[in-house]
Amino acid sequence: MSPDFSLNSVNSDLLVSFTIDHRRLITLQGEFLIQLDGMTKSFPGVLANDRVNLTIAPGEIHALLGENGAGKSTLVKMIYGILRPDQGQIKWKGNTVEITSPAFARNLGIAMVFQHFSLFDSLTVFENIVLGMDASTDTSKLRSEIEDISTRYGLPLDANRHVYTLSVGERQRIEIIRCLLQHPSLLVMDEPTSVLTPQEVEKLFETLNRLADEGLSILYISHKLDEIKALCHHATILRGGKVVDSVQVETETPSSLAAKMMGESLATSNLEQQGEPGEIRLQVSGLNVLAVDEFSIPLKNITFEVRSGEILGVAGVAGNGQDELLKALSGETLTADSSALQIDGKPCGGKGPNARRMLGMSTIPEERLGHGAVPGMSLVDNGLLTAFQRLEFLTGGFIVRGASELFAQEVVRRFNVKSHGIEAVASSLSGGNLQKFIVGREICQKPELLVVSQPTWGVDAGAAQTIHEALRQLASEGTAVVVISQDLDELMKISDRISAICAGELSQTYPAAGVTIEQIGLMMAGAHSVDEITEKVDAI
Amino acid sequence: MDILIPTLLTIITAATPLLYAAIGEMITEKAGVLNLGVEGMMLLGAVCGFATVHFTGSATLAILAGFLAGAGLSIIFAVLVLGFQSSQVATGLALTIFGIGLSALLGQNLVGIAYDGLPKLTIPLLYDIPVLGPLLFSHDILVYGSILLVATVAWFLNHTRPGLILRAVGNSHDAAHAIGYHVLRIRFFAILFGGGMAGLAGAYLSLAYSPLWIENMSAGRGWIALALVVFATWRPWRVLIGAYLFGGISILQLHAQALGIGVPSQVMSMLPYIATIAVLVMISRDRNKIRLNAPACIGKPFHPTS
Numbered sequence: 001m002s003p004d005f006s007l008n009s010v011n012s013d014l015l016v017s018f019t020i021d022h023r024r025l026i027t028l029q030g031e032f033l034i035q036l037d038g039m040t041k042s043f044p045g046v047l048a049n050d051r052v053n054l055t056i057a058p059g060e061i062h063a064l065l066g067e068n069g070a071g072k073s074t075l076v077k078m079i080y081g082i083l084r085p086d087q088g089q090i091k092w093k094g095n096t097v098e099i100t101s102p103a104f105a106r107n108l109g110i111a112m113v114f115q116h117f118s119l120f121d122s123l124t125v126f127e128n129i130v131l132g133m134d135a136s137t138d139t140s141k142l143r144s145e146i147e148d149i150s151t152r153y154g155l156p157l158d159a160n161r162h163v164y165t166l167s168v169g170e171r172q173r174i175e176i177i178r179c180l181l182q183h184p185s186l187l188v189m190d191e192p193t194s195v196l197t198p199q200e201v202e203k204l205f206e207t208l209n210r211l212a213d214e215g216l217s218i219l220y221i222s223h224k225l226d227e228i229k230a231l232c233h234h235a236t237i238l239r240g241g242k243v244v245d246s247v248q249v250e251t252e253t254p255s256s257l258a259a260k261m262m263g264e265s266l267a268t269s270n271l272e273q274q275g276e277p278g279e280i281r282l283q284v285s286g287l288n289v290l291a292v293d294e295f296s297i298p299l300k301n302i303t304f305e306v307r308s309g310e311i312l313g314v315a316g317v318a319g320n321g322q323d324e325l326l327k328a329l330s331g332e333t334l335t336a337d338s339s340a341l342q343i344d345g346k347p348c349g350g351k352g353p354n355a356r357r358m359l360g361m362s363t364i365p366e367e368r369l370g371h372g373a374v375p376g377m378s379l380v381d382n383g384l385l386t387a388f389q390r391l392e393f394l395t396g397g398f399i400v401r402g403a404s405e406l407f408a409q410e411v412v413r414r415f416n417v418k419s420h421g422i423e424a425v426a427s428s429l430s431g432g433n434l435q436k437f438i439v440g441r442e443i444c445q446k447p448e449l450l451v452v453s454q455p456t457w458g459v460d461a462g463a464a465q466t467i468h469e470a471l472r473q474l475a476s477e478g479t480a481v482v483v484i485s486q487d488l489d490e491l492m493k494i495s496d497r498i499s500a501i502c503a504g505e506l507s508q509t510y511p512a513a514g515v516t517i518e519q520i521g522l523m524m525a526g527a528h529s530v531d532e533i534t535e536k537v538d539a540i
Numbered sequence: 001m002d003i004l005i006p007t008l009l010t011i012i013t014a015a016t017p018l019l020y021a022a023i024g025e026m027i028t029e030k031a032g033v034l035n036l037g038v039e040g041m042m043l044l045g046a047v048c049g050f051a052t053v054h055f056t057g058s059a060t061l062a063i064l065a066g067f068l069a070g071a072g073l074s075i076i077f078a079v080l081v082l083g084f085q086s087s088q089v090a091t092g093l094a095l096t097i098f099g100i101g102l103s104a105l106l107g108q109n110l111v112g113i114a115y116d117g118l119p120k121l122t123i124p125l126l127y128d129i130p131v132l133g134p135l136l137f138s139h140d141i142l143v144y145g146s147i148l149l150v151a152t153v154a155w156f157l158n159h160t161r162p163g164l165i166l167r168a169v170g171n172s173h174d175a176a177h178a179i180g181y182h183v184l185r186i187r188f189f190a191i192l193f194g195g196g197m198a199g200l201a202g203a204y205l206s207l208a209y210s211p212l213w214i215e216n217m218s219a220g221r222g223w224i225a226l227a228l229v230v231f232a233t234w235r236p237w238r239v240l241i242g243a244y245l246f247g248g249i250s251i252l253q254l255h256a257q258a259l260g261i262g263v264p265s266q267v268m269s270m271l272p273y274i275a276t277i278a279v280l281v282m283i284s285r286d287r288n289k290i291r292l293n294a295p296a297c298i299g300k301p302f303h304p305t306s
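So the sequence lines, in the order shown, correspond to chains Y and P.
Take 1 as the starting number for the first sequence in the numbering used here and just add one per residue.
Take 1 as the starting number for the second sequence in the numbering used here and just add one per residue.
There may be inaccurate statements among the hints.
Claimed, not checked - Chain P residues, not near chain Y, derived (Cβ > 10 angstroms throughout):
| hint | residue |
| --- | --- |
| 1 | V79 |
| 2 | L80 |
| 3 | I113 |
| 4 | A151 |
| 5 | R161 |
| 6 | L292 |
Stated by the list, open to error - Here are the computed lysine-lysine pairs in the DSS-like style, where the Cα-Cα straight-line distance is at most 30 angstroms:
| hint | chain 1 | residue 1 | chain 2 | residue 2 |
| --- | --- | --- | --- | --- |
| 7 | Y | K351 | P | K300 |
| 8 | Y | K242 | Y | K93 |
| 9 | Y | K351 | Y | K300 |
| 10 | Y | K242 | Y | K91 |
| 11 | Y | K351 | Y | K418 |
| 12 | Y | K418 | Y | K300 |
| 13 | P | K300 | Y | K418 |
| 14 | Y | K446 | Y | K493 |
| 15 | P | K289 | Y | K300 |
None of these hints come from the bench; they were simulated from the model.
Think of the CB as a built atom: it goes at the ideal place given N, C-alpha and C, for glycine as much as any other residue.
From just these sequences and the hints, can you work out the full model?
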């Protein structure tokens, strides 16, 4: 089969060649685009940044690396004028500047792609972009400019759609286009690839490299070490608000970067494939779900089964029906044919989330705030909300406060959730820490069947590993697990079997050991089986 | 026909104050602020307008005074809500109670005095069209102004950049702040506009609708205006339709009573409110419509520091 994939191997060769091409040393003396000196910022109870120094040269792709809560977001917010530093100064093109507002930053030539998108749900894509532009922008020309950038950089977008109808990946494209339209000198990207497919990441890296060649400096925030290795020239590593090291990426390995970031040697993954899976836990046969509005994806004849003790990975490009699949599995969307979905042989298509929870199913949706957790409620209450039935936190209809507090404490401890205690409201946690809490909350309930979407989105390497190990351990104890993710490396690492979803249709499933990333990439593009992939490649 | 035209004319005069107050409140809400003080601002506008015309004799100054009174009262609301982050609901209710009391105090010596009403501006030629002429082209300035206001606001919201920014602030103040818009400043002006329009609505009541001053003369119109905004799903032309519909119902129930239709007058007076509830139930069935038009941040205080 290997010759059939010649086309793809050419592509990946290209990727390798340009990445090596850009790992060059930047030796400009004193000619920094931006120079941060002694940046300090404290919040009640935390010193978020402690005398941070950082310099970026023109055309340099600079990585800002650190775990969740290391102070990356705080530093970036000061660069972009959202926060004012307590101490320290910023030099822009050699002149000391005081960045007082995001508008001021934009005028200097600093653009930013946020981790939490600054988008307006009820407005259209076009209106969202207009809002990010200066008042002097000619809006009539803007449409063609948007089209131009979106085709040139492989960021397809329909400008007339309303944002609330878009997937996370599509929303990010708006942010990126919005920044590129401003022709900035410094582009700040806060974990831009966390929701992109490998092909999209490849495209983005091409774009970023082209932009860097044109003289644009990029400050790239990520926990994905191999990405930093492939893309960035220089890296500044933060830990606990302090710079622990500033390195040439070329001379580092992903594990040396990880060690610096986490301050200890990263335990190597001991995820080994388990023995034979057990009986069928979840049987989905011919599941159809109609589109609820014109922008949602209808599910067509979804058929798969998950056995006790195995992890099924569902790959797919954002917006191909993952949300709809999760809702159909969790019970938020009911199916007309109740036997299309069977848990332990019992028809469940017509049962709601609570009934399915009682049958041993847990679900973790992609959206953390508002779907996975109630933003204004404490961790204890958020824990109680999904765990009260299985863990019996109610006696005679009254809440057993102590038991639910113990449960929240266990989750916080086991998954190392950083927060101001278990009474902290969910929205006060950083994205990664909240994700750890939500995943932990479900895993600690020891479900017999777990469906999880994007388990490690926006989570740092250490926490991702904790989550992966916890999922694997859960499977080894006999739980059937479905992982819907856009992170292929993750799926390859933890899944026993893999399938892909494209336009609401699920491909056949294959043992993870037997497929290559390229094959999955093609299944994500709509090929249903390996045979079909072969045909497609032959045709080309 | 002899009855029809006067009836339609009274519907127009009944709808106009609702239209001003509702359009003003709609702008305030589009920016993400819920101001429940419409009734109070209307009353203050009414008493100040009437007092001005009584002491100066100038209708122009009276209209201006109504506007300024409403806007002035809304500044108190803005300072409390935006500056001190007080609860919008509680502050709005307090504003209404305060407005009722203050207007009664100011108007103590004005009760029982009559005024001729705002002059009618008859448009030559067009007025001679049978039926339509008398119906449409012989009104006071505020009636013409209210239609112009709807058109301007509709254009402002949908076709101008400041209108877009206003909607954006109401949709997500955090995102607007992150991009660099001055959320509090924009909200301040939206509240001011809403107050001014409520003041105009009050001035219309005491200068044109029933040209005199009596305590609490707005009689709940401020609350109807609030309901109208939701009724119209925050869209200006629908506010116009709603205002005329509500104006129509409130006039028709008077006529029905006069004709001795055997329904208790209390039931007839309830009609506008029952209609509001019925329509609210109907529109909330369509979640997408609400999602598209309702300001998501309404009623939520904004802390610019975080």
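Hint numbers contradicted by this structure: 5, 6, 7, 11, 12
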